[in-house]
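**Student:** Sequence:
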Amino acid sequence: MNRYEQEYTILNIIQRNEDECLAGNDYNGKYFVARITTVPVLFILSALGAFAPLVAMYTQKFKVPSYVFFAIKFFGSGVIIATGFIHLMAEANASLTNTCLGAPFTEYPFTEAIALMALYLIFFFDAVAHKKLVEKAANMSRLENPLQPSDKISISRCSSGSLSVLSATKNTDKEKHSGNENEENKAHIKSFEKVYQKILNCIVLECGIVLHSIFVGLSLTISGDEFVTLYIAIGFHQFFEGLGLGTRFATTQWPPGKKYVPWLMSLAYSLTTPLAAGIGLIVRGSYPAGSRTALIVTGTFDAACAGILIYNSVAELMAYDLIYSGDFENSSMNQLLLAYFFLALGALAMAIIGKWA
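Numbering (full-length UniProt numbering), first residue to last: 1 to 357.
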């Protein structure tokens, strides 16, 4: 084989590899009417899950017992935990380990690396935000409850025994008052920190889930023979995930001027997947889901979102809620075990759905 034949063979191999990555998508033209229905159906399911807890919490017509919110809250937390591990990591790995990508993707675990980088980044953001919140709470507490300057009376300058006793009594009262104010300040700082930590948690969850939802809707409407199974699975996926988010929003104490924020966040979640599904319908014949660029972009976003959700799930939804929040300090062991049961049940439900979506 001469030099020209070798070059021609190499070019053919490269061309075949490129063709594998530019194979388009699996859309086969079947179930077109059903594909159109994905837009309204996914919106309804997403909105039902995300808005139902808010409506139940903020309206007088629906008096939902506290134990129902308790169950839904921890079930939804389990759903979000499984989303990070089962759905996002698996999908990212499928994209970034595709053999057509070649080196370096086939030689290094980029899925885990990107998830790790995202986890460290969100941890850094959380640590800085936590420190800022503590400082802000301390400043607000000092402004609201300034300590009065001491007005001690010098015993050495008092010739009367009664004045000496009065002075000592005043000093003792001041110390007690100062101690009480310090305890109140600490409690105020802790309460402020807890509220804004939950708000920050909601924002992080929203960002991770909404970014992932874009690819969920897009992949559904351009899918092939597995469309029906995927449609049903993603429907459950959207409802359960929305329920987890909506319950978090509803059980978070939002500041007086920010009561509209959880409603907007629920709306954003409800619209993302249907809009992405609609875009998928428009570009169904031209979007190259199997292209090199699409695989890398989808895999990178999924892996990053997985890192965000895994950190948030372990640090906030599990460790903080069940251990550090103090919500179970005065509760029985059965209450803690019940929360853990619903947490595991939600993760199990989403893990099963992961077989199809």
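Hints are supplied without guarantee of correctness; some may be wrong.
List of simulated lysine-lysine pairs, DSSO-like, C-alpha gap at most 30 Å [to be verified]:
hint, residue 1, residue 2
1, Lys63, Lys355
2, Lys259, Lys355
3, Lys132, Lys259
The following label-pair restraints were derived from C-beta to C-beta distances [to be verified]:
hint, residue 1, residue 2, range
4, Gly224, Asn334, 47 to 53 Å
5, Asp225, Ser286, 16 to 22 Å
6, Thr97, Leu348, 43 to 49 Å
7, Ser331, Asp26, 47 to 53 Å
8, Thr99, Leu336, 45 to 51 Å
9, Ala34, Asn139, 55 to 61 Å
10, Pro288, Gln253, 30 to 36 Å
11, Asp225, Leu336, 44 to 50 Å
12, Ala113, Lys61, 49 to 55 Å
13, Ile36, Thr59, 42 to 48 Å
14, Pro288, Lys136, 25 to 31 Å
Think of the hints as simulated: they come from the structure by calculation, not from any bench. We put the beta carbon where it would ideally sit given N, CA and C, even for glycine.
**Student:** Work down the list of hints and note, for each, if the structure agrees.
**Tutor:** Hint check:
Restraint check: the Cα-Cα separation between Lys63 and Lys355 comes to about 36 Å, which exceeds 30 Å; the hinted pair is violated. Straight-line distance between C-alpha atoms of Lys259 and Lys355 comes to about 38 Å, which puts the hinted pair past the 30 Å bound. The hinted pair formed by Lys132 and Lys259 meets the criterion: a straight-line CA distance of about 22 Å does not exceed 30 Å. Checked against the hint of 47 to 53 Å, the C-beta distance between Gly224 and Asn334 comes to roughly 48 Å, which is consistent with it.
At roughly 20 Å, the beta carbons of Asp225 and Ser286 sit within the given window of 16 to 22 Å. Remark: the range hint 43 to 49 Å for Thr97 to Leu348 is contradicted by a beta-carbon distance near 26 Å. A hinted range of 47 to 53 Å holds for the C-beta pair Ser331 and Asp26, which are about 50 Å apart. Between Thr99 and Leu336 the beta carbon distance is about 47 Å. The supplied range of 45 to 51 Å therefore holds.
For the pair Ala34 and Asn139, the supplied restraint of 55 to 61 Å holds, since their beta-carbon distance comes to about 57 Å. For the pair Pro288 and Gln253, the supplied restraint of 30 to 36 Å is violated, since their beta-carbon distance comes to about 46 Å. Take Asp225 and Leu336: their Cβ atoms lie about 46 Å apart, and the range 44 to 50 Å holds. Ala113 and Lys61 have their C-beta atoms about 50 Å apart, which keeps the hinted 49 to 55 Å range intact.
Evaluation of the 42 to 48 Å hint for Ile36 and Thr59 yields a failure: the beta carbon distance comes to about 33 Å. A hinted range of 25 to 31 Å is violated for the C-beta pair Pro288 and Lys136, which are about 48 Å apart.
Consistency note: the structure conflicts with the earlier hints numbered 1, 2, 6, 10, 13, 14.
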